[in-house]
Amino acid sequence: METIPLVMRFIRADMRDRKATELSVPQFRTLAFLDRNPGASLAELSEHLGVTCATASANTERLVQRNFVHRCDHPSERRRVSLKLTTEGKDHLDAARDLTRAYIADLLDSLSEEQIAKIDDSLAILYQVFESKSTP
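Residues 23 to 158, numbered by the working numbering, are exactly what the sequence shown covers, in order.
Among the hints, erroneous ones may be present.
Said to hold, decoys possible - Using C-beta positions, here's what the derived DEER-type ranges look like:
1. Ala65 / Ala139: 40 to 46 Å
2. Arg102 / Tyr149: 29 to 35 Å
3. Ser132 / Ala54: 27 to 33 Å
4. Asp36 / Glu153: 21 to 27 Å
5. Arg100 / Val47: 29 to 35 Å
6. Leu133 / Gly61: 36 to 42 Å
7. Asp113 / Glu136: 35 to 41 Å
8. Tyr149 / Ser79: 18 to 24 Å
9. Leu148 / Arg123: 16 to 22 Å
10. Glu24 / Ala76: 30 to 36 Å
11. Asp36 / Arg84: 18 to 24 Å
12. Ile33 / Ser154: 36 to 42 Å
13. Leu148 / Thr108: 18 to 24 Å
14. Arg101 / Ser132: 50 to 56 Å
To be verified - Simulated pairs of lysine to any residue, SDA-like, Cα-Cα distance not exceeding 25 Å:
15. Lys155 / Asn59
16. Lys112 / Leu71
17. Lys106 / Arg119
18. Lys140 / Glu24
19. Lys106 / Ser63
20. Lys155 / Phe55
21. Lys106 / Ala65
22. Lys112 / Ile33
23. Lys106 / Arg58
24. Lys112 / Arg123
Hints were generated in silico from the structure; no laboratory data involved. Even glycine gets a Cβ: it sits at the ideal position worked out from N, Cα and C.
Could you build the full structure based on these sequences and the hints that come with them?
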């Protein structure tokens with residue numbers, strides 16, 4: 023079970039080293055979370071990131087200033103804000119994901135088709151197990 027944390031550490035280290043996306047890892051995670059959860063609150067984001075609301079707010083403010091995130095008042099709760107990706111934020115996230123995918127593809131290029139198929143099958147099984155547990 024050490025494989026997934028190892029892969030995640032590798033991806034985070036690669037993102038920090040290359041700085042090609044001009045995003046910190048928490049900023050990338052913020053954009054990815056908002057891509058999956060448009061209209062999320064700051065509290066939901068801070069819970070996902072495992073940081074305080076103040077830290078999530080500061081991180082979000084930097085993304086708002088770069089026009090990657092739009093912050094708007096929640097329609098029914100005046101003290102709550104909704105966070106959404108802007109088109110520019112979505113484009114930047116997609117570009118960052120593409121760079122990461124290309125780098126991983128280069129690393130896996132030396133594997134045989136059989137090895138790739140085994141990895142793909144194993145990941146599909148893991149996805150099914152965890153996806154079934156994540157839906158209430």
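Item to check | Distance restraint evaluation - Asp36, Arg84, Cβ atoms, bounds 18 to 24 Å | outcome: Check passed, 21 Å falls within 18 to 24 Å.
Item to check | Pairwise beta carbon distance, Ala65 to Ala139, judged against the given window 40 to 46 Å | outcome: holds, 42 Å
Item to check | Holds or violated: Lys155 to Phe55, with C-alpha atoms at most 25 Å apart | outcome: holds, 19 Å
Checklist entry - Are the Cα positions of Lys106 and Arg58 separated by 25 Å at most? => result With a Cα-Cα distance of about 10 Å, the restraint between Lys106 and Arg58 holds, given a limit of 25 Å.
Next on the checklist: Verify the CB-CB distance for Glu24 and Ala76 against the hinted window 30 to 36 Å.
Outcome noted: At roughly 33 Å between Cβ atoms, Ala76 and Glu24 fall inside 30 to 36 Å, so the hint holds.
Checklist entry - Are the Cα positions of Lys112 and Leu71 separated by 25 Å at most? => result holds, 19 Å
Checklist entry - Does the structure keep Lys112 and Ile33 at a Cα separation of 25 Å or less? => result Status holds; Cα separation ~20 Å.
Item to check | 25 Å Cα cutoff - pair Lys112, Arg123 | outcome: Within the cut-off at roughly 16 Å; holds.
Next on the checklist: Taking 50 to 56 Å as the stated bounds, is the beta-carbon spacing between Arg101 and Ser132 within them?
Outcome noted: At 54 Å between Cβs, range holds.
Checklist entry - Okay, Arg102 versus Tyr149 on CB: inside 29 to 35 Å? => result 32 Å Cβ-Cβ, so the 29 to 35 Å window holds.
Checklist entry - Quick one: are Ser132 and Ala54 within 27 to 33 Å, going by C-beta? => result holds, 28 Å
Checklist entry - Are Leu148 and Thr108 spaced within 18 to 24 Å by their CB atoms? => result violated, 32 Å
Against the hints set out earlier in the document, violations occur for numbers 8, 12 and 13.
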